[in-house]
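Participant: For this one, chain A is given, so just place chain B on it according to the hints.
In order, the protein sequence lines correspond to chains A and B. Quick note, the first sequence lines up with residues 1 to 94 if you use this note's numbering. Quick note, the second sequence lines up with residues 1 to 259 if you use this note's numbering.
No wet-lab data here; the hints were simulated from the structure. Each residue gets a CB set at the ideal place from its N, CA and C atoms; glycine is no exception. Incorrect hints may have been included.
So the derived list for chain B, only partly shown, Cβ under 8 Å to chain A, looks like this [what the hints assert, rightly or not]:
hint, residue
1, 41
2, 50
3, 154
Covered stretches of chain A (in silico footprint by chain B; criterion: 3 or more residues with CB under 8 Å from a CB of chain B, positions within the stretch not fixed) [stated by the list, open to error]:
hint, region
4, 27-33
5, 40-54
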Amino acid sequence: MSNDWPLYEVFIRSRAGLEHKHVGSLHAADATMAVEHARDVYTRRQEGVSIWVVRSSDIVASDPNDADALFEPARDKVYRHPTFYTIPDEVKNL
Amino acid sequence: MSTAAATDPGREALFRYVLRLGDTSLVLGQRLGEWVGHAPALEEDLGLANLSLDLIGQARLLLSYAGEIEGQGRDEDELAFFRDAPAFLNLTLAEQPNGDFGRTIVRQFLLDAWQLEIFEGLSGSADARLAGIAAKAIKETRYHFRFSSGWLVRLGDGTEESHRRVQDALHELWRFTTEFFAADDVDNELAAAGVAPDLAALQSRWLARVDEVLKEATLARPAPVAYQWHGKLGVHTEHLGHMLGEMQHVQRTYPGAQW
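If we strip away everything but chain A, and leave its shape as in the complex, we get:
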């Protein structure tokens, strides 16, 4: 039966103020059912206060074959990490 149902990705906000995090996926006939399933499958132990679901097919993902072109160029640009600045003593809370 679940083979006929589309796949949904589930995102849970664990506490107010935190972001929603991807926790897994499940099958459901529609979005309403997906929220209920997510509630039953992923929040049984008080894991969350808010649920997002999205059809897996609606997610646009990068192609693993493009990984070199997309991510390789960043590897030798360590200067992009903000670790080369000396922070003056007077600056607090940074």
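Facilitator: Same frame as chain A, but now just chain B:
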């Protein structure tokens, strides 16, 4: 109804009333538990198990309270595992077998709608303990109703086969709902004391709630049946004994066994 009874409902009446509520939750919870490992999808397996555990949790609170009212030293386990079918006071509908998924949903939907009314009424009970239990249970029940009515609409307004199956189940199970609102002395005494909601007043609200979902599900409401079942008086269909045989087996074989 005398004034004395109106302020101090008899212990026996309160015991029986709380037992009825607790047994209905327990028996329905046990029935839903039979789906574990068999539901049509993993997600539904967990969903039904969650409902089951909510109901068994309600049963624990109610049966513990019933044991205290009785004052014979019986606790929740004693009441759940060492009574025979005639001593169970659950509504007859709760003990009906699961059948297919659609039939389970119909049974659940009718009882969820009933529990919604009962627990909403009890949250204002003159009995503080019952009011507290109802306030906790009502949140669970709102979700149960959302679950079962959502499924009823999907199945009723689904394929030709799913519609036929839930409509058949509705025809078969509707006759047990007459018992929901048939008040006896226990109901009347506690209603007069402000402990329990007045059943007659709940009936029209229950029916309106049920009708709304049936309409959306494109299902026809069956005609009322005059014959009334008497589960809450301890007179059951043959199904309860079989169910208890399985539920009570371990405790009867090894009395006092701990998990």
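Participant: Taking the closest Cβ pair, is residue 50(B) under 8 Å from chain A?
Facilitator: It holds, given that the least Cβ distance between residue 50(B) and chain A is near 5 Å, below 8 Å.
Participant: When I compare C-beta atoms, does the region 40-54 of chain A have three or more residues closer than 8 Å to chain B?
Facilitator: holds (count 3)
Participant: Would the hint on residue 41(B) stand, with a C-beta cut-off of 8 Å toward chain A?
Facilitator: Hint holds; residue 41(B) Cβ to chain A Cβ min 4 Å, cut 8 Å.
Participant: Hey, does the residue 154(B) contact hint survive, CB to chain A under 8 Å?
Facilitator: Holds. Min distance 7 Å.
Participant: Can you tell me if the region 27-33 of chain A counts as covered by chain B, using C-beta to C-beta distances under 8 Å and a minimum of three residues?
Facilitator: holds (count 5)
Checked against the numbered hints listed earlier, the structure breaks none of them; every hint is satisfied.
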